[in-house]
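Protein chains in written order, with the numbering used here: chain E, 1 to 396; chain L, 1 to 396.
It is possible that some hints are incorrect.
Any copy will do: because identical chains look the same in the list, a pair fits if it lies in one copy or spans two.
[Said to hold, decoys possible] List time: in silico SDA-like cross-link candidates among lysine to any residue, alpha-carbon distance up to 25 Å: (1) K86 <-> G97; (2) K12 <-> C119; (3) K34 <-> V93; (4) K24 <-> R57; (5) K139 <-> A32.
Please keep in mind that the hints were generated in silico from the structure rather than gathered at the bench.
Number of protein chains: 2
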Amino acid sequence: MYNQEMYGLGSKRSTIREIFEYAKKRAAEIGADKVFDFSIGNPSVPAPKEVNEAIVRIVNETPSVALHGYTSAQGDKAVRDAIAAKYTQRFGVQLSGDDLYMTCGAAASLTITFKALACEGDEFITFAPFFPEYGVFIKSSGAKLVVLPSDPNTMLPDFEALKKALNPRVKGVLINSPNNPSGVVYGVGTMKKLAALLQEKSAEYGAPIYLLSDEPYRELIYDKETIVPCPMAYYENSIVCYSYSKSLSLPGERVGYIAINPKAVDAKALYAAVCGAGRALGFVCAPALFQRVAAECDGLTADLNVYKRNRDLLYNGLTESGYTCIYPDGAFYLFVKALEEDAAAFCERAKKYELLLVNGSDFGAPGWVRVAYCVQTEQIERALPLFKALAKEYAK
Amino acid sequence: MYNQEMYGLGSKRSTIREIFEYAKKRAAEIGADKVFDFSIGNPSVPAPKEVNEAIVRIVNETPSVALHGYTSAQGDKAVRDAIAAKYTQRFGVQLSGDDLYMTCGAAASLTITFKALACEGDEFITFAPFFPEYGVFIKSSGAKLVVLPSDPNTMLPDFEALKKALNPRVKGVLINSPNNPSGVVYGVGTMKKLAALLQEKSAEYGAPIYLLSDEPYRELIYDKETIVPCPMAYYENSIVCYSYSKSLSLPGERVGYIAINPKAVDAKALYAAVCGAGRALGFVCAPALFQRVAAECDGLTADLNVYKRNRDLLYNGLTESGYTCIYPDGAFYLFVKALEEDAAAFCERAKKYELLLVNGSDFGAPGWVRVAYCVQTEQIERALPLFKALAKEYAK
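Chain E on its own, in the form it takes in the complex:
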């Protein structure tokens, strides 16, 4: 009657969603202040004040038909030109508005890119730990997701595994840095190594292997020395999938973009394929008002000091209590080694302390858990003694 695969996707709740429901139920039972939900990656910091100021000003100043009307499918030209100019200025790579395609956020950036690229039999590679929706999006495009391991000490790509996995069916390698769920940033060295290998293999196979960079957390970094390298500066056949959801704290408004490296082989045709994929999936244009807001607020961020404080507090607190943690350069997740081999069992024991964590198996990393620190700082302060008690239980 209906499509069973879609029914499966719609009816099987994600683990995170299940924890969310459990948290609500538990809060009703014992009080919200006694439940420590670290499951959801929803920005906890308000949008910068310039966002709402821009909304009100644009609405008051722009004629209705021009403001709320269709933009071109690829996005308003002035918006694209403004964002591309800032991109060029910031990353030192030449980008024009005609290389940018405005989208309804990161998920749309990804589904459109996969649909534009995927041909029968294609593979896309990513590295664990990874955002599990990648699997859904890639399958929906008709291609296959291949998950490779990372170095368990650094959570950086395992290049030996990558060398073995590359083959002529691989259409692209998908990276996500700063990473959800590990918080790790791929530095310049990693980017150069990746670029060199993909360059070599593309030449060998006689067809480009695209580097797809999913960058919703690009601006969420907390140390002066942390740099998120721009893929376009290192590799010609690169496509950046971006969203303003996290940087501007407006995940509900659905605005982002796809940036195609103008140096990519046949870049104009690739851009046309992106336009075609957006059309086939039913994305007529990105929301018009928020396109303009994004152009005006591009480069701003929500107050990152809150996330930095949370990160430091949580990372220091947990390592002091004996936990093995990946140091998160960015995003708002801490990846923590479970205190027993079975992370599901560990999550269950954490639950007894009302600590709600996400099993790393969901991200392709068994034995680990994700702790989202986009929460009120006070929640972390009050949770640390509980994490300590949990560790003590295991130390017995």
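Take the given structure of chain E and dock chain L to it, following the hints.
Just chain L now, with coordinates in the frame of chain E:
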């Protein structure tokens, strides 16, 4: 390298887009006031003032994280409840917020619905003339579009053709009323006849044939006696795909909904399949601010008097000049019989008078042209003598 089908969709301009580009070029040559572009279906009337008032008020009154954060995938619960309550009140059918799934506009409503329903080998039927993107959306879902004729005098469905075309592979029949491009509204009689036939055939095949109703023009009707019947009142296995683009004049903001008849067979599972399809296509949620705006402004419309005046002026003017026109009960299109068999040649001759029309072949109706009257009234007043001169040329 990339997907050739997507490249085709992105690089081949639609006829309407080509006319739009021609109009711009021509306007630069001879002056915008001398070019009469009747090609684009973009609302020409501002959004009701309540829309911008709601935007500013909601932004000023709602905490940022609550306002701009993710809503649930199916849409904010309060928004869905409010819209469903108004739906029940207006159409007299029982609908709850849990039967509604908020979308990024009509195209998303359609792609999500097709993806939720389509299984290998499925067919969807629609009647010419029809909105050509249906073909793109249905193909993308993996199903096949079957186009049936309408009665050329009324542009209502040809039921004999439908009877012959129905078979166990038909998953749904897609209607669009008020219709783009004919402006025709399917009345209660048509709806009852359609419902009876689908009921009979569903029983015969032992599986529901869904009635999919694409209703972006639902509120754009101009005569007291015109009623757009609610499909749910006539047929249980019905799904309504709606958008606020035309009613509230905000096509760029991308907000609409899918309403699933709660009386449909296995309605909850069908709803889950819709949720799964939205997820697979990359629609995380409909834009959050505009979900709230839609809930507040549901039931309002832009000033329809402008469209009514345009319709009357254009319909009367053209029929007086000898054109055969379909009387448009709604939407903002007039469907006109070309004055020679080859509508493309007719459009070319119209071009000499600077009249830019769309060939009906694009809508599956050769021999006809579409005249969009969502333009300034003055454009119609000045164009009528040119239409008259064009008709005279043919009368020679």
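Tested hints:
1. K86 <-> G97: Within one copy only: 10 Å inside, 42 Å across.
2. K12 <-> C119: Only across copies: K12 and C119 sit 19 Å apart there, 28 Å inside one copy, limit 25 Å.
3. K34 <-> V93: neither (49 Å within a copy, 43 Å between copies)
4. K24 <-> R57: This pair counts as neither: shortest intra-copy Cα distance 38 Å, inter-copy 29 Å.
5. K139 <-> A32: neither (38 Å within a copy, 48 Å between copies)
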